[in-house]
Amino acid sequence: MSRVRFVQGNEACTLGALYAGMDFFAGYPITPSSEIAEMLSGELPPRGHTFLQMEDEIASLCAVIGGSLTGRKAMTATSGPGFSLMQEALGYAVMAEIPLVIVNVMRGGPSTGLPTQVSQGDVNQARWGIHGDHAVIALTAGSHQALFESTVRAFNLAETFRTPVILLYDELIAHMRERVEIPEDGEIPLVDRLRTSVPRDVDYRPYLPREDGRLPMSDFGGDHRYNVTGLYHDMWGFPSTDPEVVRGLLSHLVDKIEGKEDELTFTREYETDDAETLLISYGSAARSARQAVFDARERGIRMGLLELETLWPFPARKVRDAVAAATDTVVVEMNLGQVYQQVLRAVRHRERVFLSNRIDGRLITPADIRKVLRIISGVGVWA
Amino acid sequence: MKTRDYLRTRFFPHLWCAGCGHGTVLNALLRAVDHLGLPKEDIVMVTGIGCSARMAGYVDFHTMHTLHGRALAFATGIKMSRPELQLLVPMGDGDALAIGGNHFIHAARRNIDMTAIIMNNRIYGMTGGQFSPLSGEGTAATTAPWRSIDPAFDAMELARSAGASFAARSTTFHVRELEKILIAAMEHKGFSVVEIFSQCPTYYGRKNQAGDAPKMLEAFRDGTAKLGSKALEDDPQLIPRGVFIDRDAPEYGASYAELCKKAAAESSPERRYGKEVPRC
Amino acid sequence: MARRRTRIIIETGWCKSCGICAAFCPVQALVVEPAQTARVADPEACTGCGLCERLCPDLAIELESLEATA
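Chains as they are written, first to last, in the numbering used here: chain A, 1 to 383; chain B, 384 to 663; chain C, 664 to 733.
Derived from the structure by calculation, the hints contain no laboratory data.
Misleading hints may appear alongside valid ones.
[As the list claims (entries may be wrong)] Straight-line distance between alpha carbons at most 16 angstroms, and here's what the computed EDC-like set of lysine to aspartate or glutamate pairs gives: (1) B/Lys563 / B/Asp629; (2) B/Lys423 / A/Asp201; (3) B/Lys658 / A/Glu38; (4) A/Lys318 / A/Asp360; (5) B/Lys572 / B/Glu467; (6) B/Lys563 / B/Asp417; (7) A/Lys256 / A/Glu211; (8) A/Lys318 / A/Glu261; (9) B/Lys385 / B/Asp417; (10) A/Lys256 / A/Asp23; (11) B/Lys609 / B/Glu641; (12) B/Lys423 / A/Asp223; (13) B/Lys385 / C/Glu674; (14) B/Lys385 / B/Asp443; (15) B/Lys385 / C/Glu727; (16) B/Lys385 / C/Glu725; (17) B/Lys572 / B/Asp629; (18) A/Lys371 / A/Asp321.
All chains, please: the whole structure from these sequences, using the hints.
Following this line, the structure appears as structure tokens:
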């Protein structure tokens with residue numbers, strides 16, 4: 001079978017997950033992510049892997065957590081309303097340090113919103129949907145090839161950091177068709193979770209970090225009997241309210257991600273070397289931004305694009321450096337400025353950072369971006 | 384093995400109130416496990432949230448203390464991944480049948496092989512004595528100071544409608560019967576539900592003047608009767624105890640394994656994602 | 664000399680004095696006095712029926728079979 005396919009974004013994601021070794025899926029149908037469940041319902045059974053359509057989104061993520069804990073590479077896929085339902089279970093996976101990938105295909109929100117139309121409105125929810133203080137990893141992609149790679153990356157990071165990874169892409173990428181080339185086996189290295197070398201029946205402490213800070217896992221139901229809970233817990237996994245334990249655990253959960261910005265920052269740059277005007281974008285909005293850059297360069301305007309593939313932890317350092325090198329920065333996105341707010345926070349000179357956005361369920365266009373550029377440059381928009 | 388060999392004894396005495404029925408359920412459950420000779424490393428206990436859920440911390444099995452109402456969903460993921468393990472899922476009445484009602488229905492519907500143990504004390508104990516959907520009209524609770532207007536429902540009927548292949552009810556007074564029922568429930572291949580009337584002297588008991596723990600056990604003794612007994616026939620107001628459902632039905636994990644075999648056999652390049660690729 | 668077939672062992676550290684064992688012992692072998700943990704008041708009366716061991720919510724009672732003495 002040819003390695004080159006012409007597929008929907010959801011299929012590129014599915015192919016990436018299979019490439020990464022995903023062998024456990026539990027989900028619930030919701031537009032615009034249902035195709036992922038449909039494809040996996042066909043692909044997992046012949047391989048003897050697990051496919052479950054659960055009774056709701058909450059049960060789906062709970063089943064994924066159960067499966068992952070026993071040692072599987074587990075995933076679910078949903079959209080806004082389902083993602084909202086999954087927040088409690090997502091917090092559980094963060095607290096209990098359970099690797100998994102959760103795909104949220106963004107559609108118009110809030111509430112039922114626009115089921116079949118694009119938005120990028122869940123960026124802040126991915127960061128703060130879980131109650132309490134915490135850290136999360138959230139990735140995105142603006143092309144199908146990038147989405148395939150981001151999906152594999154999501155599994156690798158989940159296993160490395162022992163945490164759920166949110167794969168946020170938008171409805172437009174999900175449903176449009178584009179060329180994807182599936183890499184050869186081994187071309188993209190795959191990461192498996194670190195497993196403990198503590199022998200069976202020896203005291204195994206599931207939450208005792210090694211010297212390098214990593215936490216070896218033990219497949220639940222296997223060699224070691226231990227407790228897993230969403231309560232604050234000691235190194236054995238038993239509940240504790242001791243202030244020192246609480247401080248230690250929360251610091252660990254946050255520092256293992258927030259402190260690793262360098263390892264977790266993934267971006268693509270297009271014509272940024274000498275750019276005076278910098279566009280910052282992600283997902284399908286980045287496709288229009290890239291076109292705007294191309295058009296500008298054709299006319300001799302020095303414009304460039306910093307495309308984000310990591311949304312959280314926000315690549316503040318990368319953004320700060322890129323913005324400092326440019327004169328003006330325009331954040332291009334399809335929400336009311338969720339990444340724009342993070343850019344403002346990251347940079348020294350906020351007065352030269354602007355927002356070009358669209359929130360009506362349609363793709364932001366190069367013309368939309370140019371309108372904003374004209375306002376910034378002072379030539380005005382002719383009504 | 385002795386009962387205490389199955390316990391994480393370093394955490395005893397446990398946190399349950401004096402006279403709480405949940406300890407008696409744990410007692411019977413461990414005797415049933417011992418009777419069956421199940422090795423500790425083959426047993427997974429998944430709980431939700433509440434007094435009942437704390438059982439997970441006390442047993443030397445693979446234990447997972449999850450989210451309110453969601454234990455059966457977590458357990459489904461574990462069982463589908465490791466079908467050879469014995470899954471025990473103790474839950475409270477609110478845990479299993481209020482917030483967890485949907486997951487209860489679907490676990491029963493799938494007939495997935497696990498044992499759901501509903502410790503029905505007709506109250507939300509851990510959070511301070513609020514009424515539950517199993518409290519019943521006229522009962523008092525911290526959120527029903529004027530007495531509850533909420534009717535209760537029958538967990539056995541719900542289990543039957545949802546398709547459970549094993550459903551039984553007992554109480555923390557009828558400890559020998561309880562142990563036998565738990566043995567049968569664990570041996571049963573499919574979804575087993577065991578509802579156990581358990582006393583909460585601290586909240587249900589005090590709010591409803593039901594007396595101390597021994598008094599509440601007497602009420603279980605006097606207010607229930609075995610299925611098929613003359614006592615039940617003479618007084619249909621008594622709550623029936625015993626095994627309500629015990630039938631063979633396809634177990635979900637086994638059906639899925641069959642599906643995988645079929646899919647592997649029928650898989651071909653002409654089928655993309657299981658579906659026939661239309662020839663243009 | 665009476666035959667004593669069963670010894671009742673009470674883990675007093677676990678007992679919360681709920682009174683269930685004493686209330687339901689068919690031969691009143693156990694007592695729970697105010698502010699006291701359960702106590703075997705009449706060890707000779709015990710028939711080894713096992714009810715207390717099974718009823719105890721604190722898992723604090725263990726019955727031990729003894730060889731009968733002539």
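Tested hints:
The hinted pair formed by B/Lys563 and B/Asp629 meets the criterion: a straight-line CA distance of about 14 angstroms does not exceed 16 angstroms. With a C-alpha separation of about 11 angstroms, the suggested pair B/Lys423 and A/Asp201 falls inside the 16 angstroms cut-off, and the hint holds. Taking the CA atoms of B/Lys658 and A/Glu38, the gap is near 10 angstroms; set against the 16 angstroms cutoff, the hint holds. For the hint pairing A/Lys318 with A/Asp360, the CA-to-CA distance comes to about 30 angstroms; that exceeds 16 angstroms, so the pair is violated.
For the hint pairing B/Lys572 with B/Glu467, the CA-to-CA distance comes to about 11 angstroms; that is within 16 angstroms, so the pair holds. Distance check on the hinted pair: B/Lys563 and B/Asp417 sit about 12 angstroms apart at the alpha-carbon level, within 16 angstroms; holds. Between the alpha carbons of A/Lys256 and A/Glu211 the distance comes to roughly 13 angstroms, so the proposed pair stays at or under 16 angstroms and holds. Our distance criterion of 16 angstroms between C-alpha atoms is met by A/Lys318 and A/Glu261, whose separation comes to about 9 angstroms.
For the given pair, B/Lys385 sits about 8 angstroms from B/Asp417 by alpha-carbon distance, which is consistent with the 16 angstroms threshold. A distance of roughly 26 angstroms separates the Cα atoms of A/Lys256 and A/Asp23; the hinted pair therefore is violated under the 16 angstroms criterion. With a C-alpha separation of about 39 angstroms, the suggested pairing of B/Lys609 with B/Glu641 is violated against the 16 angstroms cut-off. Straight-line distance between C-alpha atoms of B/Lys423 and A/Asp223 comes to about 11 angstroms, which keeps the hinted pair within the 16 angstroms bound.
For the hint linking B/Lys385 to C/Glu674, the alpha-carbon distance of about 14 angstroms falls within 16 angstroms, and the restraint holds. As the CA atoms of B/Lys385 and B/Asp443 are separated by approximately 13 angstroms, the hinted pair is consistent with the 16 angstroms bound. Distance restraint check for B/Lys385 and C/Glu727: the Cα-Cα separation of roughly 11 angstroms lies within the 16 angstroms cut-off, and the hinted pair is therefore satisfied. Straight-line distance between C-alpha atoms of B/Lys385 and C/Glu725 comes to about 9 angstroms, which keeps the hinted pair within the 16 angstroms bound.
Taking the CA atoms of B/Lys572 and B/Asp629, the gap is about 10 angstroms. The hint holds against a cut of 16 angstroms. Restraint check: the Cα-Cα separation between A/Lys371 and A/Asp321 comes to about 26 angstroms, which exceeds 16 angstroms; the hinted pair is violated.
Hints 4, 10, 11, 18 from the list above are not met by this structure, while the remaining hints are.
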